[in-house]
Structure formats: C-alpha cells, structure tokens
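K.L.:
Here are the chains, one letter per residue:
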Amino acid sequence: MGRKRELTELGKRGPGKKARIQPPPEIFSEGKAGQTKKKKKKTVVKKKKQDGEKKITAEKKINLFEDSSEDDGIGMVDDDFLNVTEDAPQEMPADDYGLEFNSDSSSEDEDEGDDENENNNKLLAIEKKSKKLDKKLREDRVLAEEELQINIAEKDVFTLPSGQEIEKEYILFAHCFAPKKCAKRRNGVFSTHAKKCRNPPYLTLIHQRICENISALNNFKKYREPGKSRKEYLELLRNDLMNYYSYSEFMINKLMDMFPLSELLEFLEANEVHRPVTIRTNTLKCRRRDLAQALINRGMNLDPVGKWSKVGLVVYDSSVPVGATPEYLAGHYMLQGASSLMPVMALAPQENERILDMCAAPGGKTTYMGALMKNSGVIVANDQNKDRLKALVGNTHRLGVNNTMICNYDGRAFPKVMGGFDRVLLDAPCSGTGVISKDKSVKTNKDEKDIQRCSHLQKELLLAAIDSTDAQSSSGGYITYSTCSILIEENERVVEYALSKRHVKLVDTGLEIGNEGLTKFRGHHFHNTMKLTRRFYPHVHNMDGFFVAKLKKFSNSIPQSLSELVTKEEKNTEENDVAKNESTDKPKKDKRKKKKAKGT
Amino acid sequence: MRPLIEEETKLVFEKLAKYIGENLKLLIERPDGNYCFRLHRDRVYYVREDIMRKATNVARENLVSLGTCFGKMTKSGKFRLHITALEYLAPYAKFKIWLKPGAEQSFLYGNHVAKSGLGRITENTEQYQGVVVYSMNDLPLGFGVAARSTQDCRRANPTDIICFHQADNGEYIRSEDTLT
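Line order of the protein sequences matches chains A and B.
Residue numbering for the first sequence follows the UniProt record's numbering, beginning at 1 and increasing consecutively.
Residue numbering for the second sequence follows the UniProt record's numbering, beginning at 1 and increasing consecutively.
Where hints are given, some of them may not hold.
Taking CB as the label site, the calculated pair distances span [unchecked claim]:
1) A:H274 / B:Q151: 31 to 39 Å
2) B:A59 / A:Q472: 22 to 30 Å
3) A:S473 / B:R60: 25 to 33 Å
By construction, these hints were calculated from the structure, which means they are not laboratory data.
Using N, Cα and C, we set each Cβ at its ideal position, and we do this for glycine too.
Extracted from the complex, chain A is given alone in its bound form (with noise of 0.2 Å):
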C-alpha cells in the first residue's frame, strides 16, 4: 500500500521496456564451434528436405524403408524429435560477431522494405554479415518447419521410443533442460546453464510426443504399431504427462480415469492459466451498472460475467489493484470467482429465512446470502479455523451484511449447537483439484490417503449439515453441497452417501450452465437423480473446477434401521432366489434327461 498518487490521472501506458522480446539466451558451451554448427545445420535441413519429398512420393514402404535405413538406430519418430532438438538452438542467435541485438532488429527491418536498402548502405561489413546469416537461419527454420509439418502430415503410424531412449532423454532432461521439474526428483543433479535455458527443447519434444500418442490412441487400429499394446502406449503417455505438467503418478492417474484422452490434454492445459478476475456487486451498497461506471473510471476494463448472473462482473485488465480502490473498501463488490456464486444461487436463500453456512470463511457466499436476503432473516457463519475467521468477519462487515452470526464450531458439531435451519449451504473443504491453476502444489502433494480423509471429513459434514436443516420447514428444507474438486470420492460418492444415509433426495439446482453429474464412473452406478447435480471445469466454462449438489430433506427422521432393513430384505431374496433356482435347476434337468433319451 506503498503508492500514493492519484488514481484517476493514471492513463493507460504502453508496453514498457521490459515487456519487449527478449531473444533467448545463448549456450555459452556451445563455444567458437557456433559456424561450423550452423553448417551441419543447413546439412541437416537440406537432408531432412530429400527425406521429405520422398516420403510424399513414396508413402509407407519408404517410411519403413528409411527407418531400417537410419544406422544409427534410431526409430523414425525419434528422427523427427532428433530434428527438433538440433533445430531449437537455432532458435537461439549464434552469431560470431557478438551483435546480437542486430537480429532482433533485423526482424523487424525486414518488412519495410525499401528502409533496409538504405540502411544497409549505412551498416558496416561485419553487420551485413550477420544479417545475412540471420537471414539464412529463418530460411532454414520456416524449411524445417514445413518439413516438420508434412511428416507429422505423412506418417501413420505412431512408434513407441524403446526404454532406453527414454532414459536416455530423461538423464539429459536430468542434467540439462530441466532445472525445476523433473532434475531435482530423478536425481537432484543439474547444471548451472540449465537455468538460462528458457524454453528447453525437450519439453517441446515431450509435448509433441503426447500430442502424435493421444492421436494414435484415439484411432488406435490404423495408427498403432503393430506388436504394440494399448497398455504401453498408455504407459508412455502417462509418463510424458507427468513430466510436461509435472503431476504425481496418483494424481495423473485419476485425471486420466475422469477424462477422455482428448479433453485430459485441455484440462492440464487449462489448469496452467489463471482464470479471469471476477467480482460480485453487492446489492445491498450499489447497482452493478453504477458499480461498473465508478470502476470503469478508475481505470478498469470489465464486463458482465454472463447471462447467469445480475452481479457479476468480469475484470480483464486494470490500472489500479482491484482490491484497494475506494470502492472495494466501502463494500460495494467483492473480489470472489465466479464459480463461488453457484452455489449461492443454487440455494436461493429466501428472506426472514434462518440460514447456516457450515464452512464460511473468508464469507463470499456468506455476503452473497446477505444480500440476497436483504439483510432480513439470520445466517449463521462458521468455520473450523480462527484465523480464516477474520477475513469472514472483516468482509461481513465491509459489506454491510448485519444479519449474521459468525462462530467458531467444528462442523461436525452442528445439530447440537443449532439446529432446525432452512437452508443449509456446505461448501466442503476439498483437495482443491479444481483450483490447481491457484494452488499449484495439488499437482504433487495429494495422494490416495488425502482424498479419503477429504472425503470422510465431507460425508460427516454433509450428514451433519442434513441434521440442522428442518425438513417441515414451509419455504425451504433444502442443502447445498458444494466443492471445488473434480473428484467423483469427494463429489458424487459424497452425495450417494447421504442419500442412503439420511431422508433426503436431489433437486434441480436451478442453474443455467453446467455439465450434469455422473450417473456412472467406471463400472460404478450412481443414483438415476446424480444428473441434477452441476460439475464445472475450467476448460469448458472457464471457471474454477466446482461441483454443486442441490438436496431436499423430505423427513426428520433418521432412517437408522434402514441398513438393518435393506440387510434383512437382501437375505430374504437371496433365500427367494436360491429357493427359485433349485426349483427351476430340476426341470432343465429333467429336460436334459428328455432330449438325452430322445438323442439315444
């Protein structure tokens, strides 16, 4: 909170200096050899050119042809990778002459044209030089990627690298390419250049690896190997996934069990971005068309969320820190992401209505309540942690909102603290597998036991939260539960438990946007009603991963027998049917005693 000045004054600025292209740094151990290179290079190039225009002449034989014909040994998908990497220090200007802003510049002479025949009468020797050198390599460079492209275009069949080719990368990843990710668990050693390197080239190599596996997957009978199993090529994938994103095995593994191939690589994508910035106008100071002129002037560039929501807004860019303008600080919007107002408008709280929100820090939803309610009614926030509590009470404050009561319980303590609430909103605590794009460290430090203590921990909520709602309520009897996991444990598992445990069904959420729930997952049926449930991805709705279940509590009573019941009945109809199979085994029997008399 250091600036001072004047807000208003502040146009808006261009790129500064910092914001211009920087060109890549050079390997310094590459050393005076940098002509020769280029040299071998261009042999390169004008080699893989032959190679191209005979794979479009000849089609497969020749593929297979050229790939015995590689004496190195090296398998034809790999050739192209080897491009690749022999291609992306070109991408780094190593010029002998030590001008290396010179081609920075160039690049950007070489449109106008008639300029350039002036300057160059201007330039000294040596940077004509090194311009036409710089000019050589984008030659060279468009040439290979062509080439790049009408191999990828031409080859049909997706080779899997051997085992040790794959070690071989990755000790080179090790000790080269990869200061963050992978070095430090495979063996903790990496050189010092790794660092400068930026863009390492064998990352591009893994993407396009993955890239050619999903496609081969995806039309496995025409693009696999022959001799190659499905399993194997999964396998690869997998690894290559773990790498590029760098996710745990466990965590890969579940993406993969939740999504098709397709949508898998979107998804991982998605969660390396950061959602927009969005704010929820509070009603109770100020409309949103005012709240979006004041913001406007401030030096914001917003927009309205979508059709489904009257409050939102989204921020695209802004001069000022969204959340210390004059306006976030009189309560008149709340910085929140959109997800985290579907269940709010799942739940619909009604005025004059006692509300509890079980898990309300830092108090979005509690304040979205509020002002939905009018400041009438009772909500009643609480949260397990003290010093998130705060916040909650600080926003509660800020906004306006007077109606509430913030305590400090264990969820799980709830009926016996107050119960006989309308409407109850649980927004669980989770893994957080929706929000990786805010939390990176879900990537790596969730495992099995993680998720099923998540998971336990929801279920009792969920039943306590249950417990504190008055079904014979005249306006609601409703719950909500929500999470910010994609997880079916913690999601629809969740849901399937209460509804076998407690007296309760699944409504329409009443939300416009959204995928339905799972019905099914692997083998494992969910109840018929789980597609009234909403599931939000980040690729598909460009907003935190998020689930919302709305519930409705048909009876106080707590069916504590019903397992005992549903126990008996199932021994009663396996009695039944053991009853009915003797009966029915004896006259198949005596039919094949029939038909045997009539074969003899």
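For chain A, the structure is supplied; the task is to place chain B on it using the hints.
P.N.:
Using the frame of chain A, we list chain B on its own:
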C-alpha cells in the same frame, strides 16, 4: 455476551452522539425490529434482537461476532468507535466533510485531512466536533474530529490540518485482525 451496564451505555451513547446527535434515538427505536447493544469480549455489538437470541445458544468462546461491531471498550475504561460503525454513522451524521479526489487516497491510508484536500464542509461545524468524511461523490470514507471550526477553515493555510483522522475504510485491509 451480556447487555451493557449503565456506565458502559452512557459511554457508548455519548460517543455516538458526538457524530449523530439526537439521531441516536433512531438507532434505538427502529420501525423494522428491535435492536440492542451487546457486549462480547470487550466489543460492543449492535444487533437485531432475534439474532441475539439465537446467539445465546453459542458458547462464549465459540462466538466470534454478531450483527455489527460498533467499537471496543478500552482497558482504560473508554469506548472507541471502529470503522465498522460507519455504516450506521454515515446516514445519520450531522456534520460532514467532503474530500477532494486527490486527498481521498491519503485519508484512506490513515492520514489527517489538510486544508488543501478539503472539498466541502457542513456549515456551523464547531471545533472538535465529530464528523463523517465523504468523498466528493458521496461515498463515506471514514470519520474523524474537526480540528477547526468552519469559520477557521476559511482562514487556514493549505497545509493546516482540518480534520483529525480516527477511522477510515482502509482499516478493513490494514488492520483486519483487530477489527473485532
């Protein structure tokens, strides 16, 4: 949580009256329900009665806040208004100060108001009168105490302090931990 004892009530009401004068009555007798003052862990809360009833279910150590926090009783036996009370002070305020857009930010960082930043001031403001500070587009920013009367303001130098800072909206960020 307990009702205020007589001395505490007197302290609180005296303080509030500095800003909103006889409008204090409107806070106590409201048409939309019964409101009351409650003391909980040295903080004074202004809360609707039915919410307060609900809150009696909650154990003292688990109750964090209810309704709106107006301020706290200091250890030296005084009452201090918090910024959270602004929501009720602003609509009823008798004396107001409007700040020029340039001085807005400075006030929100906890500085006093200088003459140069003064946009408007209510007529007949006396010295040491409690005032609510607004921005020029009528956004309440905080409150303070007039350092000069309206008459003196006219004669003051541009660098002279017109209003002593007491609380401002910036505290929601600066001192979130100590709000309640």
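K.L.:
Confirm or reject each hint.
P.N.:
Hint check:
For the pair A:H274 and B:Q151, the beta carbons lie near 55 Å from each other, so the given range of 31 to 39 Å is not met. Checked against the given bound of 22 to 30 Å, the beta carbons of B:A59 and A:Q472, roughly 27 Å apart, stay inside it. The beta-carbon spacing between A:S473 and B:R60, approximately 29 Å, falls within the hinted interval of 25 to 33 Å.
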